[in-house]
Amino acid sequence: MATQDIALSPTAETSLPFTARLHELVVTVDHKKLGLMYIGSALLFFVVAGSLASIIRMQLILPNNNLVGPGTFNRLFTMHGTSMVFLFGMPMIAGLMNYLVPLMIGARDMAFPRLNAFGFWMFFFGGVLLYSSYLTAPGLAGAGSAPDVGWFAYAPLTGRAFSRGSSTDYWILGLFVSSVGSIVSAINVIATVISLRCKGMTLMRMPLFVWLVFVTSGMIILALPPLSAAQIMLLLDRFLGSRFFDTQAGGSAVLWQHFFWIFGHPEVYILMIPGWAAASEIIPVFSRKPIFGYPVMVAATVTIGFISVSVWAHHMFAVGMTAMGNSFFAISTMLVGIPTGIKIFNWLATMYGGKIRFELPMLFCIAFLFQFLIAGLTGIMLSVAPFNWQLTDSYFVVAHFHYVLIGGLAFTIFAAIYYWYPKAMGRMLNKKLGLWHFWLFLIGFNLTFGPQHIAGILGMPRRIYTYDSGRGWEIYNMISSIGVIFQAAGVLCLVANVLWSLRRGAPAGDDPWDAWTLEWSTTSPPPDYNFETLPEVRSRRPLWDLKHPEDPDWKYE
Amino acid sequence: MKKSTRRALGAASFLFLAATFLVSPAFAAEVPTNVTNIFRPLSIPAQAIREVSLLVLAICAGIFLVVGGLLAYTVIRFRQRPGDDGREPPQIYGSNQLEFAWTVIPIVTVFVLFLATARTIYDVQGAIPPADALNVTVVGHQWWWEIRYPELGIVTANEMHVPVSESSKRRPTFLKLESADVAHSFWVPQLAGKTDLIPNRENRMWIEPLQPGTYVGNCAEYCGMQHARMLLRVVVHPAEDFEKWAAAQRQPPVDDPQARAGRDVFFTTSCINCHTIKGTNAMGTFGPDLTHLMSRETLGAGTVPNTAEKLRAWVRDPQTIKEGCNMPDMQLTDTELNQIVAYLLTLK
Chain A
986 MATQDIALSP TAETSLPFTA RLHELVVTVD HKKLGLMYIG SALLFFVVAG SLASIIRMQL
1046 ILPNNNLVGP GTFNRLFTMH GTSMVFLFGM PMIAGLMNYL VPLMIGARDM AFPRLNAFGF
1106 WMFFFGGVLL YSSYLTAPGL AGAGSAPDVG WFAYAPLTGR AFSRGSSTDY WILGLFVSSV
1166 GSIVSAINVI ATVISLRCKG MTLMRMPLFV WLVFVTSGMI ILALPPLSAA QIMLLLDRFL
1226 GSRFFDTQAG GSAVLWQHFF WIFGHPEVYI LMIPGWAAAS EIIPVFSRKP IFGYPVMVAA
1286 TVTIGFISVS VWAHHMFAVG MTAMGNSFFA ISTMLVGIPT GIKIFNWLAT MYGGKIRFEL
1346 PMLFCIAFLF QFLIAGLTGI MLSVAPFNWQ LTDSYFVVAH FHYVLIGGLA FTIFAAIYYW
1406 YPKAMGRMLN KKLGLWHFWL FLIGFNLTFG PQHIAGILGM PRRIYTYDSG RGWEIYNMIS
1466 SIGVIFQAAG VLCLVANVLW SLRRGAPAGD DPWDAWTLEW STTSPPPDYN FETLPEVRSR
1526 RPLWDLKHPE DPDWKYE
Chain L
11 MKKSTRRALG AASFLFLAAT FLVSPAFAAE VPTNVTNIFR PLSIPAQAIR EVSLLVLAIC
71 AGIFLVVGGL LAYTVIRFRQ RPGDDGREPP QIYGSNQLEF AWTVIPIVTV FVLFLATART
131 IYDVQGAIPP ADALNVTVVG HQWWWEIRYP ELGIVTANEM HVPVSESSKR RPTFLKLESA
191 DVAHSFWVPQ LAGKTDLIPN RENRMWIEPL QPGTYVGNCA EYCGMQHARM LLRVVVHPAE
251 DFEKWAAAQR QPPVDDPQAR AGRDVFFTTS CINCHTIKGT NAMGTFGPDL THLMSRETLG
311 AGTVPNTAEK LRAWVRDPQT IKEGCNMPDM QLTDTELNQI VAYLLTLK
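Heads up: the sequence lines are chains A and L, in that order. Here the working numbering runs 985 ahead of the position in the first sequence, where the first position is 1. Here the working numbering runs 10 ahead of the position in the second sequence, where the first position is 1.
The hints are simulated quantities; they were obtained by calculation from the structure and are not laboratory data. Warning: the hint list may mix true and false statements.
Computed list of lysine to aspartate or glutamate pairs in EDC-like fashion (alpha-carbon distance at most 16 Å, straight line) [said to hold, decoys possible]:
hint, chain 1, residue 1, chain 2, residue 2
1, A, Lys-1340, L, Asp-265
2, L, Lys-288, L, Glu-307
3, A, Lys-1532, L, Asp-94
4, A, Lys-1018, L, Asp-94
Pulled from the structure, derived: some chain A residues nowhere near chain L, Cβ distances all over 10 Å [to be verified]:
hint, residue
5, Ser-1036
6, Leu-1052
7, Pro-1211
8, Gln-1375
9, Arg-1447
10, Gly-1455
11, Ala-1474
12, Arg-1489
Because the structure is a prediction, the values reported are computed rather than measured. C-beta: ideal position from N, C-alpha, C; glycine also.
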């Protein structure tokens, strides 16, 4: 036993010299360390991209404001969008998947640990490559600076003729490299889920979290390659004289849009489904009831996965498709609303009749449900092609997708952080600071993005660096910008909490939330090998069975 | 009154207020305004869009009330209360009937919504131009609009003039949309939904304004540096006024002998490489046609009002007014500048 004590003792690890710990980070193939590195770097990029957004809002607080010029502004929103999707969203979900999937299915690691490390470093260097574009600014190493073509990088604005310098090349290569990381991490998750489940864990006994990220991983493999392919084509256009998107030589601008959105729309679900996955674990535990209608939840997710690859051109209702094309993409988009609605109803039914405990993870999930409901409904409005002709590319769309990606995704990510931090670190996050984070962010988020719906309805287009007074947009922009202050204060509370609790948080114990999935059966933090003996399960809630031998789940499933 | 009832009433009155905000001004509005509310359309296609939009809004508001209300009720009613005995609530795993219900009801809703949507799509996109419809070609440029009337032989920029459509004599305008460089989007919210202008592609849309006046809009597709300063105006005239405007635009440029000096400077510098003044050597097409420059309200696609003072500042250095625009600082001396501006001011 003595040897094991040494291996498990946290003091032994933290007392290593700094360089040794750094070396450990670089060479590690442990899914938990890599998961935390993913999450840590994602949070870092979240703070950076959020700061860019704050500057955007400060520029727009008044009409004809002169805080930043048009060039800088365009770089800000390009880097903000690109970073939030590729350097916050993707690594954050990769981190959660990496950390949790092996623990939840009772495995010792991912199927391909080295590939896992490779995926992380590809993402990380992709991000570094993208941001190093700032170093090419005039006066440093020639004309260029950061990309300014928007995260969607519509052709032919990205062609040699309109995008001089190297900024677009940084955008292409940075994202290409980090996409490789995302693809291999998705392959890894699929292989792990298929081959490493513990004894007794059939597919239909997996925690919903695992099911949902399994679907997400499948979608990543489908959706990212078209983007990578299109980026290579664009690179060929820019350097080898090909003409895919060069409209002046007969290329097609619309082709890029198809490529981009056949990646871009599934991408939204790729980001959102892991958020749902976290909510599907947290809501039952804090309602003290099993998830309502597990098989239907699985079916709804798989259905969304399939439908999501046939809706991409709803981003293109204004490009002049035929009435038939517009009708097709309108109906396919509306269909997504059905399984999504089922999910909301099932979460609701899970809470109904429960005993809801208002711990931090649950508070974030409740806010998520309300905000995601709004996001879903504005999504229905946008699917109505004629309404979309008015709303697309206006601030209404900005409001809509921030309700999806912040109100939906970020809130569930925060819930996940409060929920699983005790498992990963062995210490609880401070509740008081957490409540400050919750309320500040809730108020700030709704102040910022609520009024943008109205600005859009009043005709304010997206991606404008300034606007004249007298168009009725002033008050909504003012409120919107003020909301940022609350959001920033909220994020500050989170960051402070995460750092403070590392050392000072109350010890968590193995199972602080009285939860039911396998990760709570091992120590916090789990040992390198996760489980001393691999567990064996008989139902979807193995720990419930353990705690309630008189009323086990396997009797009913 | 029960707490939940009060809450429901509160939500209902909020939605009612919101609906008033969206709908009622439409009946009060007689003229186009600078506040381009999409729910105050003054043109046939925009009104068709509003009709289906209101239906969607009503359905979504209903869903929001029901689901949001249920959610609020659940969170409040089933919260863990102080002094709870700590026993687990009954474990319910699902209900086929309930789940069937909330699958079928959305399917029916989607079906209804889709029918209304498809009808409007075909109504708007399927409109057939009548024989006397006005045809206009709009060409997007970084960062201005070229507006051509192929049947009338008129070329202008940034401000489209069209006749009003009256119930006695309907007069829609059909637009052909093209781009000279990157993708742009034509959006005048009170007239119609937006349609993109895409290089190497020809798009079509139509408007049928019902009230004279000036309608404001913006480029709605990100098109580079000065996307924000690519504003659009549509001036709608009563029929006879439109004919007068068209006749004036067809006139050759004014040749005022007093502005000869400026004219000479203009024709001997590279101004003529980019700008056209009809019937002269100035035949450039990279910049706006200047034949009737002073008939326009703004400079730089809505950046500044078209006054003598602003015009002078613009010609001296456009980059200080619209950073990044494709017109360079021509390094004119003060004399040349005064002469050119004096000449341009005659181009009415």
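Report task. Output the numbers, in ascending order, of every earlier hint that fails for this structure. Result -> 1, 2, 3, 4, 8, 9 and 10
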